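Dock chain B against chain A, hints included.
Same order as they appear, the protein sequences are chains A and B. Numbering-wise (my numbering), the first sequence opens with residue 1 and increments by one. Numbering-wise (my numbering), the second sequence opens with residue 1 and increments by one.
Think of the hints as simulated: they come from the structure by calculation, not from any bench. None of these values were measured; they are calculated from a predicted model. Every residue gets a Cβ at the ideal spot worked out from N, C-alpha and C, and that includes glycine. One thing to keep in mind: the hints can contain errors.
With the C-beta cut set under 10 Å, the calculated list includes, among others, these residues of chain A facing chain B [what the hints assert, rightly or not]: (1) 3; (2) 9; (3) 12; (4) 24; (5) 25; (6) 29; (7) 31; (8) 32; (9) 33; (10) 35; (11) 49; (12) 51; (13) 67; (14) 68.
Between beta-carbon pairs, the in silico distance windows are [what the hints assert, rightly or not]: (15) A:46 / B:141: 31 to 37 Å; (16) A:61 / B:6: 48 to 54 Å; (17) A:60 / B:127: 48 to 54 Å.
Stretch by stretch, here's where chain A covers chain B in the computed footprint (C-beta under 8 Å, at least three residues) [unchecked claim]: (18) 5 to 11; (19) 42 to 52; (20) 57 to 70; (21) 99 to 106; (22) 119 to 127.
Each chain, letter by letter, is given below.
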Amino acid sequence: VTDLDTLRRALRAPGAHGYAPEILDVDEITTLGRRLRRRRRLVAAGGGVCVAAAVFGVATGITHLTRPSPTPAQYPVSPARTAPGPLRCHPVSSPTGAGAETPTAAPSPTTPVPSPTGAGADTPTAIPSLTAAVPSMTTAVPSLITAVPSPTTPVPSPTTPVPSPTGC
Amino acid sequence: LARGDEEFTEFAQASYRGLRHAAYLLTGDRHTAEDATQAALVRTYAAWTRVRRDDAFAYARRVLVNYVTDRWRRRLREYPAGDLPERAAGPDLADDVALRQWLMAALAGLTARERAVIVMRYLFDLPEATVARDLGITLGTVKSTSSRALAKLRVSADPEVPAIGGERP
Numbered sequence: 001v002t003d004l005d006t007l008r009r010a011l012r013a014p015g016a017h018g019y020a021p022e023i024l025d026v027d028e029i030t031t032l033g034r035r036l037r038r039r040r041r042l043v044a045a046g047g048g049v050c051v052a053a054a055v056f057g058v059a060t061g062i063t064h065l066t067r068p069s070p071t072p073a074q075y076p077v078s079p080a081r082t083a084p085g086p087l088r089c090h091p092v093s094s095p096t097g098a099g100a101e102t103p104t105a106a107p108s109p110t111t112p113v114p115s116p117t118g119a120g121a122d123t124p125t126a127i128p129s130l131t132a133a134v135p136s137m138t139t140a141v142p143s144l145i146t147a148v149p150s151p152t153t154p155v156p157s158p159t160t161p162v163p164s165p166t167g168c
Numbered sequence: 001l002a003r004g005d006e007e008f009t010e011f012a013q014a015s016y017r018g019l020r021h022a023a024y025l026l027t028g029d030r031h032t033a034e035d036a037t038q039a040a041l042v043r044t045y046a047a048w049t050r051v052r053r054d055d056a057f058a059y060a061r062r063v064l065v066n067y068v069t070d071r072w073r074r075r076l077r078e079y080p081a082g083d084l085p086e087r088a089a090g091p092d093l094a095d096d097v098a099l100r101q102w103l104m105a106a107l108a109g110l111t112a113r114e115r116a117v118i119v120m121r122y123l124f125d126l127p128e129a130t131v132a133r134d135l136g137i138t139l140g141t142v143k144s145t146s147s148r149a150l151a152k153l154r155v156s157a158d159p160e161v162p163a164i165g166g167e168r169p
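So here's chain A without its partners, still in its complex pose (with noise of 0.2 Å):
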């Protein structure tokens, strides 16, 4: 009998369980089992649509990245890059609704514009062109106001025309 023979016998000889009664409840293995499975199938396939998902994302990725740049030509110009002004202000419109002669924020700068003295008129600014559309706000208020009877000014009666805001 060698060493390692008394070790095999010792590790095979019948330990606490050796006359105790087996309690294998197949049962209960099996259900425990299949939830196993299940829970591990759920698990697969929540990897696999992670995994395909990734996969989606890098080609569309690289899709865009590669995909050569389109020449400026084809890109939508707006009409006001076109000829960009020196000053980018928006239009202000006329409350009398006179767009025709509507001034523009952005003169340009080859058109010279008169000061309203009269000195430097071969200074082209952008202020008298901003100042000239202000009167034609201011000019229109009282216009508006005057349409208010004052407590002070006797009520025209229904048959009396009511004059117009605009005094036309």
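Below, chain B without anything else, positioned relative to chain A:
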């Protein structure tokens, strides 16, 4: 029951005793061994359609050893609470199991991997290559671990018990 379930029932009833004994040698605790055996059978059933054509007992044995090893690793991060675990060797055991008493006390001094190597090598009589494959370690690690475990068993051997693993100094 389906045919696969009937086959698994026969397999579980036939292999339960051997797996439980191996689990007891690996854990040193009766209740833990029963839990480990049941967990191994549950995992074997979960993969039964795949392992039924192969060596199902080898799969269950591998699952059992790895389950016990993982459980031992998890226990390192746990704090002891409640009752103390059951002692491997009690003072009132019969004389005919004195050898087993010494063995359980000696196995308790080994690491989980050393116990796994000893059990797989000398209880299941598996070759070193199979032990290495089942435990996921190299052949050299199996040899060194086995040699180290035998040396520990030799040191802890009772004077009345024959020397383990070679000549005693």
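Comparing the hints with the structure gives:
A cut of 10 Å between beta carbons decides the hint on residue 3 (chain A): the least distance to chain B is about 5 Å, and the hint holds. Nearest Cβ of chain B to the Cβ of residue 9 (chain A): about 7 Å, under the 10 Å cut. The hint holds. Look at residue 12 (chain A): its Cβ gets to within about 7 Å of chain B, closer than 10 Å, so that hint holds up. Using the Cβ-Cβ criterion of 10 Å, the hint placing residue 24 (chain A) at the interface with chain B is satisfied: the shortest such distance is roughly 5 Å.
At its closest, the beta carbon of residue 25 (chain A) sits 8 Å from a beta carbon of chain B; the interface hint therefore holds under the 10 Å criterion. Restraint check, residue 29 (chain A) versus chain B: the minimum CB separation of about 5 Å is within 10 Å; hint holds. About 9 Å separates the beta-carbon of residue 31 (chain A) from the nearest beta-carbon of chain B, less than 10 Å, and the hint is met. Given the 10 Å rule on beta carbons, the hint for residue 32 (chain A) holds: about 4 Å separates it from the nearest Cβ of chain B.
The interface hint given for residue 33 (chain A) is met, as the beta carbon of that residue sits about 3 Å from the closest beta carbon of chain B, less than 10 Å. Against a cut-off of 10 Å between C-beta atoms, the interface hint on residue 35 (chain A) holds, since the closest Cβ of chain B lies about 9 Å away. Annotation: interface hint on residue 49 (chain A) violated; nearest CB of chain B at approximately 22 Å, more than 10 Å. With 10 Å as the threshold, the beta carbon of residue 51 (chain A) stays out of range of chain B, its nearest partner Cβ sitting at about 22 Å, so the hint is violated.
Interface hint at residue 67 (chain A): violated, since its Cβ lies 45 Å from the closest Cβ of chain B, which is beyond the 10 Å cut-off. This hint is violated: residue 68 (chain A) has a C-beta 49 Å from the nearest C-beta of chain B, more than the 10 Å allowed. At about 35 Å, the beta-carbon gap between residue 46 (chain A) and residue 141 (chain B) stays in the expected band of 31 to 37 Å. Remark: the range hint 48 to 54 Å for residue 61 (chain A) to residue 6 (chain B) is upheld by a beta-carbon distance near 52 Å.
Between residue 60 (chain A) and residue 127 (chain B) the beta carbons are some 52 Å apart, a value that agrees with the proposed interval 48 to 54 Å. A stretch counts as covered by a chain when three or more of its residues have a beta carbon under 8 Å from one of that chain; for the region 5 to 11 of chain B and chain A the count is 3, and the coverage holds. For the region 42 to 52 of chain B, the assignment as covered by chain A holds, since 7 residues bring a beta-carbon within under 8 Å of that chain's beta-carbons and 3 suffice. Only when three residues or more bring their CB closer than 8 Å to a CB of chain A does the claim for the region 57 to 70 of chain B stand; here the count is 0, and the claim is violated.
Counting residues of the region 99 to 106 of chain B whose C-beta sits closer than 8 Å to any C-beta of chain A gives 5, which meets the bar of three, so the coverage hint holds. Restraint check on the region 119 to 127 of chain B versus chain A: 4 residues with Cβ-Cβ distances below 8 Å, three needed, restraint holds.
Consistency with the previously given hints fails for numbers 11, 12, 13, 14 and 20, ordered from lowest to highest.
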